[in-house]
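Here is how the chains run, residue by residue.
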Amino acid sequence: MIELTDVHKSFGTAEVLRGVSAEIRRGEVVCIIGPSGSGKSTILRCINGLESYDGGTITIDGVRVDRASRDITSIRTQIAMVFQRFNLFPHRTALENVIEGPIYVKGIKREEAVPRAIELLSRVGLSGKANAYPAELSGGQMQRVAIARALAMQPKAILFDEPTSSLDPELVGEVLAVMRQLAEDGMTMLVVTHEIRFAQEVADRVLFLDHGKILEEGAARAVLTRPQHARTQEFLRRVLTPI
Amino acid sequence: MAKFLADAREFLPILLQGVWLTIVVTVCSLILSTLLGMVWALMRVSRLTALQRLSAAIVNGIRGIPIIVQLFYIYFVMPELGVTLTALQAAIIGLGIAYSAYQAENFRAGIEAIDNGQVEASESIGMSWALMMRRVILPQAVKIILPPYGNIMIMMLKDSSQASTITVAELTMQGQLVASSTFKYTSVLTMVAILYLVMSVPLILFVGWLERRMQQAKK
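Keeping their order, the protein sequence lines are chains A and B.
Position one of the first sequence corresponds to residue 268 (the numbering used here), numbered consecutively onward.
Position one of the second sequence corresponds to residue 1046 (the numbering used here), numbered consecutively onward.
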């Protein structure tokens, strides 16, 4: 469904992606792990057209992703994104954040969008917070609203860009629980994360990225418990036993 | 003091005529400068390099020429090009254009202060640039833009006196005429100053109130 073929991307002289090829199939949960600056987030941003890429191709169900083309908005309505810093609209309530896209981008009537948004908010455990503004919510609650906002677009897939990295440790669980539920419901998910345990339990496949290249990929359990590549072994050792 | 009050009673009606024109010039050029300033600002933050450059050139051009020269140009030079305007029209257009540059810079600063994450969130749900501006960026930017906007209003009120240089009989000009024909400079010009204060102090208080409100909103 999402296909990357030999994708290259540079910021100035720094080459961030150096020939990344990968395929994410429908219903699959794929986690991207790797050290900071390895290009993990850039991959997601290129898939959603938030960044352009310099070489190779990215296609979604056969349609090429091109930031400069007119089709990009229609691609973006099919591929939702959840950000590390939530990026909720601060001047709108939780409910308004969720209905914004359906009403103003997809043209769905308010009478239809609101009940669906309320249902989505209860699905992420926030039915009581529909009228709260983002400033009144905790980080975990904000991220769950952001997930509801992504789901409201009825996307084919959701890209998660380090969704728990800016949360207090005790709030990480509630967001991961929602994501786990989504995975069980069959949502196609591409997740950049440092949560190795989450990857192990929820992901079908794991990609290990280093210096803009996929060094190792395979079934989650295999890559995470028996990594083949020395760099992957070293990375996992450092992440799992930091002290 | 008694003399001043007697003069005030005598000259106030004629000065109030000037007050009316001052208000007309200020309000109309405020509206024009806001509209033009918004156009320049949106051009500047658009994604088309040609529009960005054009906007920067216009804003810098306007900022680099004194208001009084712009007024003279519109009032005295435009007729030679076949565009004849009344003094009032020329004053409103001149001040409106001159101030559009400051409005544009204020709007641009407000828009650019919005976190880039808002742009990305809007794009990621498929919003077009125009929809994002209308629904996400501008509603948030207003809070940043408003306090400086109030200051621009005060400056425009005072700079509307420059319209007197192209014969608009606003407050300053009326005061000058009355004073020079009666030689009562002290009482007349004191009254003119007081009338400007009466108009600008409410605006100053309003700006202060806005700033306090925005400060609270941040907390």
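Incorrect hints may have been included.
[Stated by the list, open to error] A few chain B residues that face chain A, going by a derived Cβ cut-off under 8 angstroms, partial list only:
hint: 1; residue: GLY1127
hint: 2; residue: LEU1176
hint: 3; residue: VAL1181
hint: 4; residue: VAL1243
[As the list claims (entries may be wrong)] Computed cross-link-like contacts, DSSO-like style, restricted to lysine-lysine with a CA-CA straight-line distance of at most 30 angstroms:
hint: 5; chain 1: B; residue 1: LYS1203; chain 2: A; residue 2: LYS373
hint: 6; chain 1: A; residue 1: LYS376; chain 2: A; residue 2: LYS396
hint: 7; chain 1: A; residue 1: LYS373; chain 2: A; residue 2: LYS423
hint: 8; chain 1: B; residue 1: LYS1048; chain 2: A; residue 2: LYS396
hint: 9; chain 1: A; residue 1: LYS396; chain 2: A; residue 2: LYS373
hint: 10; chain 1: B; residue 1: LYS1048; chain 2: B; residue 2: LYS1188
[Stated by the list, open to error] Label-pair ranges, simulated between beta-carbon atoms:
hint: 11; chain 1: B; residue 1: LEU1096; chain 2: A; residue 2: GLY279; range: 38 to 44 angstroms
hint: 12; chain 1: A; residue 1: ALA281; chain 2: B; residue 2: LEU1099; range: 31 to 37 angstroms
hint: 13; chain 1: A; residue 1: GLY279; chain 2: B; residue 2: GLN1097; range: 46 to 52 angstroms
hint: 14; chain 1: B; residue 1: PHE1251; chain 2: A; residue 2: ALA281; range: 46 to 52 angstroms
What the hints contain is simulated information worked out from the structure, not anything from laboratory work.
From a predicted model like this one, the values you see are computed outputs, not experimental measurements.
Just so you know, even glycine gets a beta-carbon here, dropped at the ideal spot from N, CA and C.
Tested hints:
{"no.": "1", "hint": "GLY1127", "in the structure": "violated (43 angstroms)"}
{"no.": "2", "hint": "LEU1176", "in the structure": "holds (6 angstroms)"}
{"no.": "3", "hint": "VAL1181", "in the structure": "holds (6 angstroms)"}
{"no.": "4", "hint": "VAL1243", "in the structure": "violated (36 angstroms)"}
{"no.": "5", "hint": "LYS1203(B) - LYS373(A)", "in the structure": "violated (48 angstroms)"}
{"no.": "6", "hint": "LYS376(A) - LYS396(A)", "in the structure": "holds (22 angstroms)"}
{"no.": "7", "hint": "LYS373(A) - LYS423(A)", "in the structure": "holds (15 angstroms)"}
{"no.": "8", "hint": "LYS1048(B) - LYS396(A)", "in the structure": "violated (68 angstroms)"}
{"no.": "9", "hint": "LYS396(A) - LYS373(A)", "in the structure": "holds (24 angstroms)"}
{"no.": "10", "hint": "LYS1048(B) - LYS1188(B)", "in the structure": "violated (48 angstroms)"}
{"no.": "11", "hint": "LEU1096(B) - GLY279(A): 38 to 44 angstroms", "in the structure": "violated (25 angstroms)"}
{"no.": "12", "hint": "ALA281(A) - LEU1099(B): 31 to 37 angstroms", "in the structure": "holds (32 angstroms)"}
{"no.": "13", "hint": "GLY279(A) - GLN1097(B): 46 to 52 angstroms", "in the structure": "violated (21 angstroms)"}
{"no.": "14", "hint": "PHE1251(B) - ALA281(A): 46 to 52 angstroms", "in the structure": "holds (50 angstroms)"}
Hints 1, 4, 5, 8, 10, 11, 13, counting from the list given before, are not met by this structure.
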